[in-house]
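Peer 1: The lines below spell out each chain.
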Amino acid sequence: AQKITQTQPGMFVQEKEAVTLDCTYDTSDPSYGLFWYKQPSSGEMIFLIYQGSYDQQNATEGRYSLNFQKARKSANLVISASQLGDSAMYFCAMRGGRGGSRLTFGEGTQLTVNP
Amino acid sequence: KAGVTQTPRYLIKTRGQQVTLSCSPISGHRSVSWYQQTPGQGLQFLFEYFSETQRNKGNFPGRFSGRQFSNSRSEMNVSTLELGDSALYLCASSSSIGRGTEAFFGQGTRLTVV
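For the protein sequence lines, the chains are L and S, in the order given. If you number the first sequence the way our numbering does, the last residue is 115 and the count never jumps. If you number the second sequence the way our numbering does, the last residue is 1114 and the count never jumps.
For reference, chain L alone in the conformation it holds in the complex:
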């Protein structure tokens, strides 16, 4: 079965510093997609970044980058220059494999940005 593991229940970072949120995944399928979402306290899931299993380069979207290490099955999210508004729950998710097009989510990491 597919599985996403986020080992950091909570993370703290100072404003303007960079932070890395960890994500490891497990699938035997060679074709899959990896996603990161941000969920503020309001509940909406906000798409941040996507990485395909066949992509040669790490994905980047503004202050977000995905450190994709395929052999290690890890897809860590790096947020540069943290802002107070980055405080939220962050979820790593995967699409593909036996799950087909459904998203399989990790447990999430609660990020707090301190001023």
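It should be emphasised that the hints constitute simulated quantities derived from the structure, not laboratory data. There may be inaccurate statements among the hints.
Here are the simulated DSS-like pairs of lysine-lysine, each with C-alpha atoms no more than 30 Å apart in a straight line [to be verified]:
#1 Lys1057(S) / Lys1013(S)
#2 Lys73(L) / Lys16(L)
#3 Lys16(L) / Lys70(L)
#4 Lys3(L) / Lys1057(S)
#5 Lys73(L) / Lys3(L)
#6 Lys1057(S) / Lys70(L)
#7 Lys73(L) / Lys1057(S)
#8 Lys3(L) / Lys70(L)
As the structure is a computational prediction, the values presented were derived from the model and not from experiment.
Guided by the hints, dock chain S onto chain L, whose structure is given.
Peer 2: Below, chain S alone, put in the same frame as chain L:
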């Protein structure tokens, strides 16, 4: 371009009642998926619709059902509500059902069963 719209935002229902939640996807998107989020179980997949057909179903009892209309809008129904059905229900909209297709979520419907 309007985002994913879920209605209502909040609901309070009594055990044994039924409830219908609505999701309007992004214009042009034909895939709608539903997820249940609870503190104990996290985010769990309910089902996925594409062009009015259910393509994928999660491990939920038959009390949970859904459908998709020709305009891609989707509804989810839960019958005989139980206290454990209290959750945030999220709808995701995608342009297709490919593995690399981005999924965009609505703000969710927060259901409380008392």
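Peer 1: State for each hint whether it applies.
Peer 2: Tested hints:
For the given pair, lysine 1057(S) sits about 25 Å from lysine 1013(S) by alpha-carbon distance, which is consistent with the 30 Å threshold. The straight-line distance between the Cα atoms of lysine 73(L) and lysine 16(L) is roughly 29 Å, inside the 30 Å bound, and the hint therefore holds. Between lysine 16(L) and lysine 70(L) the alpha-carbon distance is near 29 Å, which keeps this suggested pair within the 30 Å criterion. The straight-line distance between the Cα atoms of lysine 3(L) and lysine 1057(S) is roughly 17 Å, inside the 30 Å bound, and the hint therefore holds.
The suggested pairing of lysine 73(L) with lysine 3(L) holds, with an alpha-carbon distance near 11 Å, which does not exceed 30 Å. For the proposed pair lysine 1057(S) and lysine 70(L), the alpha carbon gap of about 28 Å is at most 30 Å, so the pair holds. Taken as a hint, the lysine 73(L) and lysine 1057(S) pair is honoured in the structure, with Cα atoms around 26 Å apart against an allowance of 30 Å. Between lysine 3(L) and lysine 70(L) the alpha-carbon distance is near 15 Å, which keeps this suggested pair within the 30 Å criterion.
Taken one by one, the earlier hints all hold for this structure without exception.
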